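Work out the full structure: start from the sequences and follow the hints.
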Amino acid sequence: MEELNSEKLLEIGKRAVEKALRLGASEAEAFLCMGYTNSVGIELAQISGCMSRWEQGIGLRVVCNKAVGFAYTTLLEEKAIDETVERALKFARANKPDQNWPGFPSSTNFPEVKDVYDRKIVELSSEELISSASEMLENALSYDKRVLPIDGRVQVSTLYNVLVNSNGVEAVDEGTAAGCYLVTIAREAGEVTPICFEYDIERVWNIRPGQVGKEAAKMAVSSLKAKKIGNAKMAVILNEVALESLLYYTLISAVKADAVQREQSALKGKIGQKVASEILTIYDDGTLSGGLNSAKFDGEGTPMQKTLIIEKGVLRNFLYDRYTAKKDGVESTGNSVREGTDAYMKTPTLEATNFMIYPGDASKDELIEEIKDGLLVYGVQGAHSSNPATGEFSVVATPAWKIEDGQIAYPVKGVMITGDIYELLGNISAIGKETRKIERIVAPWIRADNVNVVS
Amino acid sequence: MGILKDKLLKVVEKGRSLGAEYVEVRAERVSRTSLTTKDGKVETARQGIDYGAAIRVLVNGAWGFSTLSSLNNERLKKAVEEACSMAKSAAGKLRTPIELAEIKAIEDKVYAKPRKDPSEISIEEKMNITLNIDKNVFDFNPKVKSCTIDYLDISGRSYFANSDGTYIEQDKLYVWSRVLATAKEGSILAYGREEIGSTAGFEVFDEQTPEKIGNLIGRRIVSQLKAKLPKGGRFPAVIGPNVIGVFIHEAFGHLAEADLTISGSVLADKFGKKIASEKVNVYDDGTIEGAFGSFKYDDEGVPAQKTLLIKEGVVTGLMTNRETAKKLGLPPTGNARAENFRHKPIIRMRNTYLAPGDYSFEELLEDIKFGYYLKSFRGGQANLDGTFQVGIQEAYEIRDGEIGEPVRNLSISGNTLETLLMVDAVGKDFELWPGRCGKDGQTAFICDGGPHTRVKEVIIGGRA
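These protein sequences, in sequence, are chains A and B.
Count the first sequence with our numbering and you get residues 277 to 731, in order.
Count the second sequence with our numbering and you get residues 1139 to 1602, in order.
These are computed hints drawn from the structure, not numbers from a lab.
Model, not experiment: these values are computed from the prediction.
With a Cα cut of at most 20 Å, we get these calculated SDA-like pairs of lysine to any residue:
(1) B:K1226 <-> A:T313
(2) B:K1176 <-> A:Q375
(3) A:K372 <-> B:M1265
(4) A:K501 <-> B:N1553
(5) B:K1465 <-> A:D427
(6) B:K1179 <-> A:R369
(7) A:K622 <-> B:I1187
(8) A:K342 <-> A:K366
(9) A:K550 <-> B:S1325
(10) B:K1513 <-> B:N1353
(11) B:K1577 <-> A:I714
(12) B:K1216 <-> A:S433
(13) B:K1273 <-> A:Q537
(14) B:K1273 <-> A:R538
(15) B:K1179 <-> A:Q537
(16) A:K544 <-> B:K1322
(17) B:K1231 <-> A:S401
(18) B:K1226 <-> A:E319
In structure tokens form, the structure reads like this:
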């Protein structure tokens, strides 16, 4: 990948910041991205094609009289950038001053983040990607003839982010990522299983597409002959995928300082109080080695850090960006996020980085063995319609299996789990020891007792 | 503009010379203005200029796709070379080569004619409208605690050329806004949302005035504070236009997207068969003027049309792109859409709705002893096997044929086909609601809707 040169991006950024100051901005910030993504797609049991995406751009935040304006462009030429500076200034001047404006951060040292860049990914050929996708597909197809892989992808990406501001921050972050996923269904005698999903994702080139193919196929086959069950309260095991969907729209939303300050969080005023089972400890760690959302600095140029959220069931901290931190008289926790190869188009938002549920000591088998009557849930549907302000949710568990007498008995269909996320977190009785990364969380399996199951 | 056309035609030519049997290139020059307000303050106002192109080629039956945020000639040349060479490599692993349904070559220029062009409206006025909505939400009741509003407009032009001889210039114009608000009383927190969207122009706010939107949301969240929790189980329900729309979209529409149908959705073997009660007629229509899901040509250069999906309970149509149309022997329906040049066109819905019947609202209610009236949705999702879940933000009990007390945190679920067979009366009213739909990482602007509709029973979830 030629031309991806962070020195050049820094130069462009510095020039844009200077230009904004010259035209009257009191503060200015430039955020630049250059990224390249290469992927191979699978559709309907065959490799359907390849895709590459090349992206560059600059986003400028300028401040006039404590009011912020933002503008971006994909053209990194002098004239286009000058116009962008002017547009950002015009928008800042149209806005009313905000006395809470915290200003941009000053220059500081950034943490060393390990295992987030792999030269091998940058140099990977299309042929290698195609053969990975092919291995994933063939493993799924050869597992069982009832399996239909309907969608999948192997993808690698390289992204350079540069942040320059008028307080002296000049920061560069270079990152890579590789991922694969396969979506399968199984069909037999007119029955179609729900979609099953398996994946692997890392910041370095060590994903296992072959294993993903096999597991995705196995999951689909074991979802055949699903039965309906009755209404009951029972123990439920949530895997990482199900947990991520459920937590993102409930707990993660509720620990953002913005939601707390604006009465949108059931956790307001609960710092120091017990909000979950004492076996639950959660960190948000933007510096995690190999973390999917790890970087040196956040979207505002604050160093990434590790923040204790829940310690043995007790709420310890909220997630802050500079704006919400100023309101509460604390420091930003480095949770102002700008992400993706088109991050330059966006202004920062308050988000979790790597929301990490600390592993326990139970193996997956042990988690299952101790359940007399329960459910094993590999995904939930409809989590985005949860009530983020209260933590109340009502989701379809799919795919999911009934557990009886310590054994996985049969797949279930049309099963909803409903309740309040804090009640569920309070009822966690065991935590698995293996963790996986997905989206914003790093988590093991968890088991919660007494969950309301509606069918 | 001639320069850009020449650029595109050169890319098409280059792709052909590299052995591609099909080449298409889409370029965009679009301006996006957006802003977010939180509790009466404009957080940031943003403006962006998006320049870029997408190149898609078929080589030996395999797709190659390259996208770039630049219209630089060298970059374009490199991108088409890359697309062709990647496709050539992928073709080696292909079992069934991809072919496309024939379409007529088109040369056309489509210009937007807004009464109020968002690109000519000042940022101050956009801020004012948004802040005015905010003020109306807070003024509704002191129990309102927060209000977040997003505003977005997109205006610009897309340029499309392919190796079949089609060349289309088409304006893009969207105005969208979403309001999220919460209210609190004691320990009860209520949460509500609403969206506005149009392809007509900024005049959408003349109809959807800040007062109207503010009061609607204010009333919704404040009434939830007093609402009771639903009983879990199976109950009859009257489903309002806003909820029937999202049900038709999520639970049925996605299954009728030909790529998902072929992927084994429960509709796979149902073409020409009865899957719903004879009261059910469903359309996906890209031609409704000004509607949020309307456009003249899709991103494969196929004219949008009004597609009948269910006629009197029988599946009669699927939404296709050129690839699935060829595979299934169906007509291309103009449903291939890409969010922008960063994405490849995939099958998306446009304006999807249940067609009206002949019942009045009172007639729908009168035979229900106990059930629920589902007025407004919070979100919905469905699976290929036909299970769906729709969260409801505004619902009421129905007791002895009358609307009763408000109910909160309710959601409905079930199997699409079973639920469509349960439709036993369809109202004569009709509403279309704008929304956004996510699929494969892309967001499409759509509408969905229909009349008030009665189902004999549906699974009611929530906190039983």
